[in-house]
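Quick note on numbering: the sequence shown equals residues 64 to 243 in the numbering used here.
Hints in this document: simulated from the structure, not taken from any laboratory.
Check the hints yourself; a few may be wrong.
FRET-style restraints, in silico, Cβ to Cβ [stated by the list, open to error]:
#1 213 with 146: 19 to 27 Å
#2 165 with 130: 32 to 40 Å
#3 213 with 149: 22 to 30 Å
Simulated pairs of lysine-lysine, DSBU-like, Cα-Cα distance not exceeding 35 Å [what the hints assert, rightly or not]:
#4 213 with 194
#5 220 with 190
#6 213 with 190
#7 213 with 185
#8 213 with 90
#9 220 with 90
Cβ atoms here follow ideal geometry from the backbone N, Cα and C, with glycine treated the same way.
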Amino acid sequence: MRRLIWPIALLALISSAPLISAQNANKQTRDQLISAAREIMTTTRYCALITTDARGVTHARTMDAFAPDDQMIVWLATNPRSRKVAEIRRHPRVTLYYFDRENQAYVTLSGIAQLVNDTNEKTRHWKEEWKAFYPNRDRDYLLIRVTPLKLEVVNTKTGIVGDARMWQAPTVTFPRRRQH
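Please build the complete structure, drawing on both the sequences and the hints.
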């Protein structure tokens, strides 16, 4: 009887302990995931802006985004006559995709886009190297403000990886905010 009690007690102890696996050992906090995403978004020069047209077809284009602000809001610029503006007016849900090949890292940020034609914001969100693209800033320059709803981040170099079984990236969901 004594010989049976020890293995049973050990089995009970093991089964009641939290399971630690490679997947669970690599869980990061919300702040760590946001920080990792911010780093990728800041160091990656370009991202893809993905919009949806009236027929439901998605379109991706390379954009020179500003680094995310403290609320992870991302600002981009475009010409008001561009196809992306018409698409955002019809369907403001967009996705930004950043890829860092060297570190095998990416961020996908899904959010709500808002078109902004405010002079003060346009002054704050300006890059001198854009002069050739927007010779008349009053007429040819429009901002896109993307307020995040959800982000996914993977950075294999730092151990931020997804669920190996479900192939699901670590995700952060943001509270819904009112647009300005």
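Hint check, failures only: The structure conflicts with hint 2 only, although it agrees with all the remaining ones.
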